[in-house]
Every structure is written in C-alpha cells, then in structure tokens.
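Asks: Sequence:
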Amino acid sequence: MVCFNRRDLGLLALRVGTGAVLAAHGSQKLAGWFGGGGIQGTTAAMEAMGFHPPKHSAV
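Here the sequence shown is numbered in my numbering, starting from 4 and rising by one per residue.
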C-alpha cells in the first residue's frame, strides 16, 4: 500500500507549479501566447543581444 504524506504532496505541488510556469514562459517565447512576441519577437530580441544566427538561437 502506498502512503503519501504532506511532504510528498507539497513537493508534487511545487513541481507541478514550476512546470506550469516554465510551460507558460516557453509558449510565450515560441508560440506568442500570453502576450509574448512569438518566434519573430524572440528572434529580434536575440539579434539585439548579439546572438548569431539569432533564429537558430531563438529555437
């Protein structure tokens, strides 16, 4: 029988929350969701920072 305690549930909540934040951030950068710039905006930002080639760095 599997027994979960509060620490296990707390760690699960922390991991799920962190994953949700990272997924939302990635979708902003890649797809332009949640008010992000999408691939074009990320490419422009990478080019402004001096990354070459910027599109390959953005993806």
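Hints listed in this document are in silico derivations from the structure and should not be mistaken for laboratory results.
Since this is a predicted model, take the numbers as computed values, not measurements.
Note that beta-carbon positions come from the ideal geometry of N, C-alpha and C, so glycine has one too.
Just to be clear, a hint being listed does not mean it is correct.
FRET-style restraints, in silico, Cβ to Cβ [said to hold, decoys possible]:
(1) L14 / K58: 18 to 24 Å
(2) E50 / A26: 23 to 29 Å
(3) E50 / A16: 15 to 21 Å
(4) G38 / S60: 20 to 26 Å
(5) A48 / V24: 15 to 21 Å
Asks: Enumerate the violated hints, using their earlier numbering and listing them in ascending order.
Replies: 1 and 3
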